[in-house]
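*Asks:* Now for the letters of each chain:
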Amino acid sequence: MSRFLQSARFAIAVWLAVLLACAVVIVRGHYTADLSAFLPRSPTSEQQFLIDQLRDGLASRLILVGIEGADPATRARISKEMAYRLRGNEAFATVNNGEDITAARDREYLFGNRYLLSPSVTPQRFTAEGLHQAIADSIEQLASPAGLLMKSLLPHDPTGEMMQLLDQMNSAGKPQIVDGAWASQDGQTALLLLQTHAAGSDTDGQQAAMQIVRDTFNEVAATSAAQLRMTGPGVFSVLSRDSIKHQVRVIFIVSSVLIALLLWAAYRYIAALVLGFLPVATGIVAGIAAVGLGFGVVHGVTLGFGTALIGEAVDYSIYLFMQAEQGEADRRDWMARVWPTMRLGVFTSVFGFAALLMSGFPGLAQLGLYSIAGLLAAAAMTRFVLPHLLPSGFKVRDVSSAGMHLAKFAAMAPRLRWLAAGLLVVAVAVLFLHRDHLWNRELAALSPVSATDQALDKRLRSGMGAPDVRYMVAVSSESWQGALQASEQVALTLQPLVEQGVLAAFESPSRYLPSEAAQQARQDSLPEPEILKQRLGAAVQGLPVKAALFEPFLEDVEAARTRLLLQRSDLEGTAMAMAVDGMLVRRGANWAALLPLSAPEHGEIDAAKVKRVLPHDVFFIDLKHESDKLYSGYLSEAIGLSLAGVGAIVALLFAALRSPRQVAAVILPLGAAVLVVTAGLALAGQQLIILHLIGMLLIVAIGSNYALFFNGTVTPRTLASLVFANAATVLGFGLLAFSTVPVLRAMGMTVAPGVVLALVFSAVFARRDDAR
Amino acid sequence: MNILQFLACLLMGVSASAHADEWSLDQLMRTLAQTKVGHASFVEKKSIAMLEKPVESSGELFYTAPDRLEKRTLKPRPESMVLDRGTLTVEQKGRKHVLPLQNYPEVAAFIDSIRGTLAGDKSALERTYQLNLSGDQQAWTLLLTPIDAKMKKIVEKIRIAGIGNELRSIEIKQADGDSSLMTITQLSPP
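These protein sequence lines are chains A and B, in that order.
According to the UniProt record's numbering, the first sequence is numbered sequentially starting from 1.
According to the UniProt record's numbering, the second sequence is numbered sequentially starting from 1.
Hints in this document: simulated from the structure, not taken from any laboratory.
A hint or two may mislead.
Using 30 Å as the maximum straight-line C-alpha spacing, the simulated BS3-like pairs for lysine-lysine come out as follows [said to hold, decoys possible]:
(1) Lys546/A x Lys122/B
(2) Lys153/B x Lys36/B
(3) Lys546/A x Lys36/B
(4) Lys395/A x Lys408/A
(5) Lys533/A x Lys53/B
(6) Lys53/B x Lys611/A
Pulled from the structure, derived: some chain A residues nowhere near chain B, Cβ distances all over 12 Å [to be verified]:
(7) Gly29
(8) Ser152
(9) Phe550
From the structure, some residues in chain B lie toward chain A, with a derived Cβ separation under 8 Å [stated by the list, open to error]:
(10) Lys46
(11) Ile48
(12) Leu51
(13) Val55
(14) Arg68
(15) Glu70
(16) Leu74
(17) Arg77
(18) Pro78
Don't be surprised by glycine CBs; every beta carbon is placed ideally from N, CA and C.
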């Protein structure tokens with residue numbers, strides 16, 4: 001039995017079983033490329049609002065469509081025809097292009113329900129004095145430029161409630177109309193604003209919606225020179241997923257081919273080539289499966305990272321094949337001699353990455369888990385399975401002669417010690433000078449959306465005259481009605497800020513649908529018909545109107561007084577339905593009312609002033625500030641965790657090597673490599689993001705192998721294997737540096753030069769007695 | 001719609017010397033076009049069927065060629081309306097409303113017609129109105145009748161009266177029978 005446990009068959013059987021299990025997990029796993037990787041695992045209340053908004057807030061469902069090229073009339077025609085077709089499509093909740101589709105229905109809703117909607121409906125307003133004052137005001141209005149609009153309303157609405165309501169609604173800026181459809185301020189782009197049914201985080205749903213828009217445009221604009229542009233949070237998710245997917249695929253294929261070519265050049269043996277990739281494949285499969293099991297969802301960035309890990313995992317087989325190239329006996333020797341060093345290298349990496357598991361940043365934790373599982377699986381496979389898979393007579397090309405050449409260089413390397421030390425000093429000086437703007441603390445730095453697409457977004461948005469939803473006030477309640485009521489309270493505290501100019505305006509769901517309590521109070525303010533008639537008679541005394549004119553008013557008030565209160569369903573078919581749904585959102589068991597604030601022209605909102613008037617259970621949220629704070633928090637945390645990882649590595653090395661001098665000899669080249677690369681990035685004007693940091697951790701993880709080998713006896717063959725391993729790593733990560741996805745590029749441009757430096761510094765700082 | 005009335009008021013006393021032998025529409029236009037700056041006071045009386053007596057307002061008018069017009073109402077309460085190129089800005093009770101005219105095609109058509117008059121652009125005027133000039137240079141009356149059906153629903157006719165090169169009154173008869181009469185007095189000499 002125990003013989004079986006040690007047997008080749010057993011090892012292979014276990015390996016295959018693990019692979020199969022991993023394959024099942026991978027096939028059944030969920031994959032995403034949205035913002036989820038960047039959102040915290042245990043958010044604060046403010047962060048939760050941010051996350052909800054990003055995931056399925058109203059703004060996350062908007063697609064802004066621009067039609068450019070051709071002439072204005074053609075653009076407007078395309079806009080109208082597209083809007084007509086899209087309105088009939090179930091993928092879209094609303095389609096707006098400036099055409100008065102809901103305007104009549106909106107007016108009808110406001111006018112028909114004015115006595116329940118208007119905040120000026122109070123008992124005082126319906127006394128004889130109140131009515132007199134209100135009617136006198138309305139008559140005065142008739143003489144003013146607004147008079148014409150007032151005129152037809154007067155018999156129905158002598159107190160001017162409708163004008164009040166319209167006044168409230170008109171605060172938002174709208175794009176101009178050219179040929180009957182919205183156009184940007186410069187008139188060069190026709191604009192449509194679509195709201196999808198799919199949430200912003202439902203990337204497939206967003207992609208389907210985009211495709212419908214594209215198809216519709218192609219049908220409608222087939223013969224014209226017009227071009228379609230789309231932007232919005234959902235569009236961004238789709239674009240990033242596409243670009244991550246595409247780039248991960250390309251990088252994976254290209255780096256696999258390049259590494260294969262490299263290995264072919266080294267081995268000249270097809271079996272070795274194939275077998276050499278087995279630990280890599282095992283590592284990737286185990287990594288993805290581990291993340292799938294641990295997180296439930298695998299992020300695209302994690303997969304992208306995985307392709308780069310090929311570069312590291314391939315090292316293990318290189319070490320085995322090249323250092324033990326002389327057949328079976330040689331391999332047994334390798335197990336005894338080289339494996340402990342390599343094992344220590346693997347554990348060094350694992351310790352480094354283990355710290356990341358603690359991160360509150362799911363993306364980072366995923367990378368950590370992926371690396372640990374991948375490296376352990378690849379190394380274990382190399383050690384316990386791979387030797388059994390080698391065909392008898394397996395032998396790669398002897399690299400001793402190449403190794404001898406390299407050994408000469410390596411022997412000379414320590415002479416460069418002073419040069420390296422000088423470089424290190426320069427690096428430290430550079431870093432010191434750049435210390436204030438070394439890190440980019442804005443979340444936008446991580447965005448995989450290209451600069452072109454971001455510029456388009458900005459252009460279309462400003463054309464729309466609609467700034468981002470950046471500031472909002474949020475308040476929670478256990479019930480829907482409770483949230484509405486809370487929003488009314490908040491509106492009362494915000495109104496003075498508008499008058500003081502701290503805010504330009506704010507929105508509230510209660511404006512379109514007051515709480516039942518508020519509606520009831522307004523209804524209660526309306527007098528009974530006889531009383532109202534009497535008061536009206538008294539009110540018109542001294543005014544140039546007859547009470548008889550206001551017969552419709554009496555009827556309307558009585559209808560409002562005795563009707564059922566307004567419900568959400570009464571809004572159906574109006575543009576206000578969407579607004580209310582966007583501002584009243586479910587949060588777990590609770591409901592939240594969101595009141596977007598608009599900043600005064602050319603200014604920002606003074607958060608302190610707003611917070612001062614708000615009760616403590618009402619949140620003021622600056623979404624940009626919140627998201628930057630979130631990322632900045634990740635960054636600080638990641639720096640802390642990386643340092644902890646380095647600490648763990650040092651502790652591990654102490655435990656294994658039991659000599660401060662030897663530990664220092666391993667740490668020094670790695671530290672030097674990290675510092676010099678970071679200084680190089682700073683000099684190149686690269687602001688560091690969180691993934692640069694992960695890159696540094698990778699330099700330490702991968703470089704520790706080199707340093708550990710140089711710490712022992714470096715045979716020419718070992719040296720050759722190190723150089724090949726290094727080249728493979730550079731190929732794997734180097735390609736990432738050409739990615740347009742910032743998180744991948746950051747890692748690539750840190751790791752590729754870093755590992756080269758780690759190897760060189762390992763040689764340079766190798767202990768003299770071993771570097772003969 | 002409310003703007004229409006106001007816009008009519010923007011046609012105001014402007015002056016320039018004209019020494020034409022024969023009084024024609026073209027000459028009236030030419031004369032009016034020469035005015036670059038104008039400043040006048042106005043009194044406006046609106047007769048509205050549902051009110052027992054007309055409502056009155058008064059204030060001042062300012063014009064800068066070719067496309068800035070301001071109506072500043074002082075009584076019964078201060079208000080201002082400024083038309084600058086394609087934008088109409090209304091200020092009432094401390095609130096400012098900006099209306100891009102392109103979003104209100106009927107109003108825009110109306111304004112363009114008035115601008116046509118002030119700029120002496122007869123062809124622009126004739127896009128919206130049928131023009132009829134009567135009287136002589138000393139006492140003339142220009143009658144504008146909307147051609148477009150949509151405009152006809154709002155305005156029945158506009159009657160502008162003037163003496164020489166000055167506008168003296170603008171009378172607007174609305175389709176519903178209500179009317180307004182603005183009497184203009186030149187304030188600063190041209």
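*Asks:* Does each hint fit the structure? Answer for all of them.
*Replies:* Results of checking the hints against the structure:
{"no.": "1", "hint": "Lys546/A x Lys122/B", "verdict": "violated, 45 Å"}
{"no.": "2", "hint": "Lys153/B x Lys36/B", "verdict": "violated, 33 Å"}
{"no.": "3", "hint": "Lys546/A x Lys36/B", "verdict": "violated, 46 Å"}
{"no.": "4", "hint": "Lys395/A x Lys408/A", "verdict": "holds, 25 Å"}
{"no.": "5", "hint": "Lys533/A x Lys53/B", "verdict": "holds, 23 Å"}
{"no.": "6", "hint": "Lys53/B x Lys611/A", "verdict": "violated, 52 Å"}
{"no.": "7", "hint": "Gly29", "verdict": "holds, 52 Å"}
{"no.": "8", "hint": "Ser152", "verdict": "violated, 8 Å"}
{"no.": "9", "hint": "Phe550", "verdict": "violated, 10 Å"}
{"no.": "10", "hint": "Lys46", "verdict": "holds, 6 Å"}
{"no.": "11", "hint": "Ile48", "verdict": "holds, 6 Å"}
{"no.": "12", "hint": "Leu51", "verdict": "holds, 5 Å"}
{"no.": "13", "hint": "Val55", "verdict": "holds, 4 Å"}
{"no.": "14", "hint": "Arg68", "verdict": "violated, 17 Å"}
{"no.": "15", "hint": "Glu70", "verdict": "violated, 12 Å"}
{"no.": "16", "hint": "Leu74", "verdict": "violated, 12 Å"}
{"no.": "17", "hint": "Arg77", "verdict": "holds, 6 Å"}
{"no.": "18", "hint": "Pro78", "verdict": "violated, 10 Å"}
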